[in-house]
Every structure is written in C-alpha cells, then in structure tokens.
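Participant: Okay, here's what each chain looks like letter by letter:
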Amino acid sequence: MTGAERELGPFRLPSLRWTGIFVLLTLLSLDVWAWDSKAVIGDWLPVWVFHLLVLQFTLAFALWRFAQEWKP
Amino acid sequence: MSPTLIVLAVLALYLTGSLCVGWWSWRQGTATLDDYFVASRRISPLVLFCTLAATNFSAFFFLGFAGASYRLGWSFYGLMAFGTSLVGLSILLLGVPIYKLGKAKGYLTPPELITGESGSQMLGWLYGAVLVIFTLPYLAVQPYGAGIVLESLTNGGIDGFHGAVLLTGVMLIYIWLGGMRSSAWTDLLQGCLMLGLMLSAVLVVMQGLGGFSTAGGDLATAHPQKFMREGAVTWQVWLSYTLLWPMVVPMFPQLFSRFYIAESDKALRTAAWLYPTIVPLLFLAPVLLGVSGNLDFPELAKAESDSIVPMLLLEHAPLWLAALVMTGALAAFMSTADSQLLAMSSILTRDIVASVTELKEDEQYSLGRWLVVALAIVGLALAYDPPDTIFNVVSQAFTGLAVLFPTTVALLWWRHTRSEACIASILTGETLVAWTYLAAQGGGIPEWFTQGFHPSMPIIFLSAVILIAGSLLLGKDSET
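In the order they appear, the protein sequences are chains A and B.
Residues in the first sequence are numbered consecutively from 1, following the numbering used here.
Residues in the second sequence are numbered consecutively from 1, following the numbering used here.
Quick caveat, the hints were computed from the structure, so don't treat them as lab data.
Note that the Cβ used here is the ideal one computed from N, Cα and C, for glycine as well.
One should not assume that every hint holds.
List of simulated lysine-lysine pairs, DSS-like, C-alpha gap at most 30 Å [as the list claims (entries may be wrong)]:
#1 B:Lys105 / A:Lys71
#2 B:Lys476 / B:Lys360
#3 B:Lys360 / A:Lys71
#4 B:Lys100 / A:Lys71
#5 B:Lys105 / B:Lys302
#6 B:Lys100 / B:Lys302
#7 B:Lys103 / B:Lys302
#8 B:Lys266 / B:Lys103
#9 B:Lys266 / B:Lys105
#10 B:Lys302 / A:Lys71
#11 A:Lys38 / B:Lys302
Using C-beta positions, here's what the derived DEER-type ranges look like [to be verified]:
#12 A:Glu69 / B:Trp235: 46 to 56 Å
#13 B:Ser2 / A:Val32: 15 to 25 Å
#14 B:Ile377 / A:Arg65: 24 to 34 Å
#15 B:Glu361 / A:Glu69: 36 to 46 Å
#16 A:Ser37 / B:Glu447: 25 to 35 Å
#17 B:Glu361 / A:Arg65: 19 to 29 Å
#18 B:Ser213 / A:Asp36: 43 to 53 Å
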C-alpha cells in the first residue's frame with residue numbers, strides 16, 4: 001500500500017471448498033450440453049429455465065450456509 | 001368515473017402512501033449527517049434486503065425486461081437471472097467488508113473508502129468522477145421514462161414533463177426530510193408494490209390468454225424459437241452477463257452506499273441469501289409477460305415492444321387494475337432514482353466539496369440536502385429535452401462502472417495493491433470503454449478483441465491484469 005494503514009483489511013477469502021461450489025454452480029448454469037433443448041414442462045416452461053431455477057435455489061441454500069460460517 | 005380519474009385516484013393513493021412512509025421514517029431519525037446519508041447504520045435485515053432489491057430493479061425491470069423478452073424470448077431470462085442471483089455472493093463478499101470498514105472508520109461514500117484504504121486522494125477523486133459520470137445521465141433518464149409512463153397511463157391527460165415534475169417533487173419531499181432512512185423505508189413499500197403488482201399482472205394476463213398451458217401451447221406453435229436459446233444468444237454472451245451482474249451491481253454508487261447502512265453484518269448475510277431466493281421467481285414474471293405478448297401483438301417494433309406490459313394489461317384487465325399495476329413501474333422508478341439522488345449528493349458533498357474546503361458536519365448536512373434539490377432540478381431540465389449524449393453515456397454505464405470492480409476487490413482483499421496501479425487500471429478500462437463505444441458506432445467492435453464475449457469481459461480482464469502487474473512491479477521497485 002502507498003499510504004493508509006489497514007487495520008481491518010485485507011479480508012480473508014472464502015475457502016477453496018466454497019470457491020469450488022460457487023464456480024461449479026456458475027459453470028452448471030451455462031448448460032451448454034443442452035443448448036439446443038426444445039423441451040418444455042407443462043407446455044409453457046422450458047426445461048432449461050427449470051434447470052436454472054433449481055440452480056438458483058441451490059445457490060441460495062449454499063449462500064445461507066456459507067453466510068453462517070464465513071468470517072472475513 | 002372517467003378512466004383518467006381512476007388513474008389519478010390510484011396515483012394519488014400511491015404518492016400519498018410514499019409521502020406518509022417517508023414522513024414516518026424521518027420522524028424516527030435525527031438531523032445529523034450520519035443519519036441523512038447512512039441512516040445512522042441502523043437498517044434491519046428485512047428493510048435492507050428490500051432496499052437493495054428495489055434500488056437495483058429500476059423501471060427497466062418493469063418495462064424493459066418484458067420488452068426484451070418479447071423480442072428475445074425465454075433466453076432473456078437466462079441472460080439476467082443467474083447473474084443477478086450471484087449478486088447475493090457480492091453482497092456477502094464485498095458488502096460485509098465494506099460495512100465493517102465503514103463502521104470502524106466512519107466512511108459515508110464509496111470514494112471515501114477508496115481514498116481511506118489506498119491512502120491516495122487522487123484515486124478517490126478518479127473513482128468518484130467515474131461514479132458521477134456514469135450515474136448522473138442515468139439519473140436524468142429516470143424522470144424522462146417515468147413521465148412517459150404517466151403520460152400513456154392518463155392517455156395524455158398528464159403530459160410527460162409534468163408527470164416527471166410531479167413524481168420528482170414527491171420523491172424530493174421525502175428525501176429532503178429523511179435522506180437514506182426515508183429512501184430505505186419507502187423502498188420497502190415500493191419493493192412490495194413492485195413484487196405484488198407484477199405477480200398480479202401475470203395472473204390476470206395469463207388467465208386472459210386461456211391459462212399457462214394454453215398460452216404456452218399456442219406460443220410453441222406460432223413462435224417456437226421463443227423457447228430456445230440456440231439462434232437467440234451464444235454461450236459466450238450468456239456467460240458474459242452471468243459474470244457482469246455480480247461485478248457491476250455493487251459498483252452502482254446507490255448500491256455500494258447501502259452496504260454502510262446495515263445495523264449489523266448479520267443484516268447483510270441475510271440479504272445475501274434472500275437475494276437468490278427471490279430473484280428467480282421475480283424475474284419469471286416480466287419474462288413470461290413479454291414472451292406471451294407475442295400472441296396478442298405479433299411483429300411489434302422495438303420501441304413499441306417496450307410497452308408490451310401496459311398493452312397486455314389494457315387488453316386483459318380492467319382499467320383500474322391496469323393503472324394499479326403500472327403504478328408498480330412508477331414505484332420502480334422512484335425507488336432507484338431517490339437512491340441515485342442521495343448517492344450523488346453524498347459524493348459531491350463529501351468527496352468534492354468537503355475534501356477541498358473545511359466544512360462542519362452540520363454544514364455538510366445542509367449542503368447535502370440542497371444538492372439533492374439541485375440534482376433533481378438538473379435531472380428534470382435534462383428530461384425536458386434529453387440530448388442524445390445522455391442516452392449514449394447510459395448505454396455504456398454498466399461497462400464503465402464495472403471497470404471499478406478490480407480496484408474495489410483489490411483494495412479489500414489484496415495487501416500488495418498499489419494506488420498507482422489502480423489509477424492505471426481505471427484509466428485504461430475507461431479508455432477501452434470509449435474505444436469500444438466508438439468502434440460500435442463505426443464498423444463494429446473487432447472480433448479479435450471480444451472473442452464472442454460481451455465487450456465488458458475483455459475490458460474488465462485487462463483492467464485487472466494492469467492492476468495486478470502494476471502492483472507487483474511497483475512493489476518490487478519499492479523493495480529495491
């Protein structure tokens with residue numbers, strides 16, 4: 001640093017395990033292996049949108065757990 | 001009762017509600033600088049989550065989302081949803097450290113933290129200048145858009161500019177009174193209205209179209225491409241947006257400032273997981289409306305398609321309900337614009353005026369309130385006849401603000417960060433933003449630069465590389 005003393009920072013990064021979980025969820029959201037999917041659920045919801053919904057709720061659960069244990 | 005009177009009655013009810021909430025929250029606070037700009041850092045988890053969400057989701061969420069989905073189909077959900085859910089991770093990883101630093105060192109604005117943590121006033125000014133350059137035009141576009149909504153709602157009964165004056169006036173009253181506290185509490189009201197009214201719109205319109213399955217079946221027959229990603233977006237663009245949202249959203253000054261207002265880091269931790277819990281379902285609503293709009297109104301031009309939500313409502317709902325739902329769009333406008341006003345006022349007060357002159361806290365408090373008024377007047381003046389330059393700057397705002405992400409992350413997380421390298425990173429990034437904008441106006445951005453990704457990706461990557469390489473090189477120099 002060029003100037004100020006940093007009494008609080010730099011903060012601690014998330015562990016490798018949690019970093020891996022968030023990267024994996026992001027990669028799964030790409031869903032490239034079914035990019036040309038035409039399948040729908042209930043005649044109106046594309047299957048790939050359902051897949052994204054599931055991943056987002058998984059992300060919410062992961063964040064809930066991570067938020068409980070992470071101390072920066 | 002005439003249709004215009006119904007719309008005016010609904011509008012009056014909403015504006016009165018906003019004023020009452022703003023007045024009530026002002027009565028809970030104190031007339032201090034800390035209370036005006038960061039609500040004395042006492043905002044509870046639920047209100048914090050609502051104010052983060054309502055501030056982020058502007059009138060674009062209510063109208064532009066559906067318009068883009070009309071044109072692009074369900075693919076637009078993919079471009080927006082997962083990346084916005086990842087903002088929850090940013091709230092945690094950036095929000096908690098920013099909250100802790102703000103509380104310990106009394107920071108009130110984003111550039112104050114940057115100056116304080118880097119020890120470089122020059123870097124703080126540069127950071128603040130970028131925030132102002134890309135947020136002020138945004139602020140001017142908001143009343144313009146809200147005026148258009150009001151004009152179409154009243155069928156020309158209230159013209160666009162007078163509508164913008166009315167809405168800005170109401171917003172100004174509660175922001176003048178209670179600052180951040182009023183902004184946060186009115187966001188609670190406006191956020192609930194946005195959510196409830198958008199879901200009501202979906203139920204009414206889908207019922208009018210014969211139900212979810214019937215409408216979906218008809219759409220699959222008439223427009224099967226609206227269900228597919230292939231042909232609509234590439235995986236590179238998809239990944240670009242997924243990564244862009246968690247990087248740029250915390251860089252909006254109105255969002256960054258909200259990390260300071262939490263009553264504890266627990267409030268931020270709660271907001272972090274609530275974000276991806278609500279976003280997936282919330283985003284389904286405008287996308288579903290936009291996609292389904294192809295059934296009733298096929299072949300709309302781009303400008304017309306941005307009005308697909310009011311068009312569908314007028315087709316399938318009674319006027320009073322259509323007016324009520326469109327009030328949600330006005331709520332979305334106000335919840336974003338009031339936060340932008342306050343954030344700009346705090347930066348100009350603290351990082352510009354107070355850094356070059358001696359000002360007591362009560363003088364800063366007074367100046368901050370008057371700057372809110374001045375900024376609102378500037379916004380209205382520009383909304384009267386917006387020059388093209390404003391829309392051009394707004395179109396680059398996301399990438400322009402995302403350039404600040406590497407600097408912010410490095411100052412919080414990396415002990416070797418050098419302020420000179422941060423300055424070089426920001427200047428290079430913003431030069432590339434200007435270059436890609438000019439290139440897009442000409443023959444297009446060269447493929448060798450983007451490699452198929454959104455231009456923000458190589459720009460952020462290069463900004464980060466310069467920051468890291470510069471810090472390491474300067475660090476070595478200082479050791480020898």
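Participant: Return the numbers of the hints above that this structure violates; sort them in rising order.
Facilitator: 2, 3, 5, 6, 7, 10, 12, 13, 14, 17, 18
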